[in-house]
Amino acid sequence: MNAPDPAATTASPPHASFAARAHVALADDGLRRKFRRAMDGLMTKRAAQFADTEAWASLRARGAAIRRRALARLPELLEQLEANCRKNGITVHWAETSAEADGIIEGILTRHGVRTIIKGKSMVSEEIHLNHFLGEHGIGAIESDLGEFVIQLAKETPSHIIMPCIHKSKEDVASLFEAKIDGQPYTEDVDVLTATARRVLREQFAAADAGLSGVNFAVAETGTLCLVENEGNGRLSTTLPPLHVAVMGIEKVVEQLEDVPPLLSLLTRSATGQTITTYVNFISGPRKTDEQDGPREVHLVLLDNGRSRIHGDLQLRETLACIRCGACMNHCPVYTRVGGHAYDAVYPGPIGKILTPQIEGLGKAGDLAHASSLCGACGEVCPVAIPIPDLLVRLRREASHAIPSSSVMGAGAQHSAVEDWIWRGWRWMYATPLFYRLATRMLRLIGNRLPASLPMLRDWTRVRAKPQFAPRSLHDLARDRGYHDE
Amino acid sequence: MIAVPEKPKTVYFFGTCLIDLFYPSAGLAGMELLRREGLRVVFPPNQSCCGQPARNCGFREEARAVARRQIRSFPNPWPIVVPSGSCAGMMREHYAELFAGEPDADEAAAFSERVYELTWFLVHVCKVKLVDRGEPVTVTFHGSCHSQREMGVRDEPKALLRELDQVTFVDLQRPAECCGFGGTFSVRLPEISAAMVADKVADIETSGADEVVSGDCGCLMNIAGAMEKAGVSIRARHIAEFILERCHERA
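Protein chains in written order, with this note's numbering: chain F, 1 to 486; chain B, 1001 to 1251.
Source of the hints: derived by calculation from the structure; they are not laboratory data.
The C-beta atom is built at its ideal place from N, Cα and C for all residues, glycine as well.
Be careful, since some hints might not be right.
Claimed, not checked - Below are the DSBU-like pairs computed for lysine-lysine, each with C-alpha atoms no more than 35 Å apart in a straight line:
1) F:K34 / B:K1229
2) B:K1158 / F:K466
3) F:K45 / B:K1158
To be verified - Derived DEER-like restraints, expressed as beta-carbon distance ranges:
4) B:E1102 / F:V418: 23 to 31 Å
5) F:L438 / B:G1101: 31 to 39 Å
6) F:L438 / B:E1245: 26 to 34 Å
Construct the entire structure; sequences and hints are all you get.
Next up, the structure:
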């Protein structure tokens, strides 16, 4: 086999605004159709799982409470997790930044003389750009999740956190496999394509010196790592090679084993509409003396990368309750139109719009907070009730105002004097009744004669007729008809 | 869940800034429907805008100054009926956070509790009975995001339409999906907004309706504007206007 190319890097697209990237995505009709179809399907499946609204509300309240309780005790739970993992024989590492996490993982692998690792799905490994880093150090990382495998072959980044290659059709995959895998003819037969991936990956599983995985939940009271998956590749990645490295964001810790079932139920049903995934793996340490299989060594890397800072702000802390189900993106009308790549972020969609600006700073990613009509679909479906729309508004404020007490990196980075003046004028008009009457009278007189070429009207009228000012305002008509209380 | 108050003698009417400038007939129809239920309707002349545009953009002080003007303009303890789920949602759900720590926070909270969306108020408080005097027509309904998600108004408009004998109600395929207006969203990201409204128009066309009604003039401005530009001859108007015309004479 000649692929996947382990040193392949998922190059980041050239820096541009969200609007510019959305422009490109919107021009791709095929892409729009694929996302529409996929998201419609996912919404239907999820809705079927939560048809009983009372049961949904109660499970959601339970899940939300579990996450908030864990976050409230985060520092002590992490210490407990560390102690119990050590007791179980898992080596625990702390990484404050992406670079530190990369360095720690590379160090572990190098000490063991590892040349190739096989990876289960891990968004945190995307966050720290691990594959790229390891590639630079001569270590090949092979993605074993089918979706991740496909995009690694295509040298792309995931466009969804649960379904990384949702932007690809089976025709795309057929062409890709034909081009990249030796002896593979073009076929749209999904079974054949899957079998091909399985064959290629089996060789990789057997050859890999180490396995790397993410963590869905880490249980503090028992030192257990919990992983969900459907393909069995996660289990192979974490048991077949002699060394297993797990990497997780520090917010993924929960207090006790009892917390896991409700969260799992919320996670799988929200994500793919499955009651449960094919595999749920509980990893409690390396192979014991009387055991037949499993890695000889297990390492856990705990990544901060801005999470402590987010945790320190009680409102923004809500962001960390996320269990990465992706339901917010499945239901987001903006995500559905532009797809995940338009966000130019590891975490796209609504959760990405609040998480990315907090991790990367408002200077780089502040415009993502505006990539929403605030329709509220994301907050409505969030299984742990993260108030995403409110957090978007909060970040919009921090982006445009240089607030000294702000806990967000780059507060005020998107400040614009013009916008300040617009809102100052708006306030003056709407908070002063006399001025409001004069201004609206003037608008009604000249409004319909304003040329459609004015900046804001130009964009509006590209696909819509110009709204027509009414000859008389409701204020005038209400007075005439005796609705005034004077 | 919003508790259903006793039917009052007098209500305030909040007209919304879009209705004031672009769709006054929707406001008049809303007031007329309430008046025909035996209520005295008061339209305070100093009202203007709920403050939502500034709040949503992160300009809290500006939003609060305008919100404060509204609070002062509705001093009596009467219910405030709003022909827009979006503005009602702003006044009911977001003033508390906007006024947190302010000296008039209690006043703002008391104001918020009096805010109701028009169709909800007609159904639950007025318990309106509608007699259809119109010609047969097929109608669909577009519910705004905030009326559905912030005000919990989901079935009320449809219940009103279903009371009309000559009206065939058809639902949209994606009744809960945003039309792409989103206030400043449509200005900041016009292309995405355009893609969203195009899909909404297609949904409306597929429904086979002769007419689309909504409880929010923001959405209507977007949807009707897109239909007009695309040459789609489906009438779009506020549900209050539609109901009033079918049951009574024009306002």
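Verification of the hints:
1. Among the hinted pairs, K34 (chain F) with K1229 (chain B) is consistent with the structure: their alpha-carbon atoms are about 27 Å apart, no more than 35 Å.
2. A distance of roughly 29 Å separates the Cα atoms of K1158 (chain B) and K466 (chain F); the hinted pair therefore holds under the 35 Å criterion.
3. Of the pairs offered as hints, the one joining K45 (chain F) and K1158 (chain B) holds, with about 25 Å between alpha carbons and a cut-off of 35 Å not exceeded.
4. At roughly 28 Å, the beta carbons of E1102 (chain B) and V418 (chain F) sit within the given window of 23 to 31 Å.
5. The given range of 31 to 39 Å is respected by L438 (chain F) and G1101 (chain B), whose C-beta atoms sit roughly 33 Å from each other.
6. A beta carbon spacing of about 33 Å between L438 (chain F) and E1245 (chain B) agrees with the range 26 to 34 Å that was offered as a hint.
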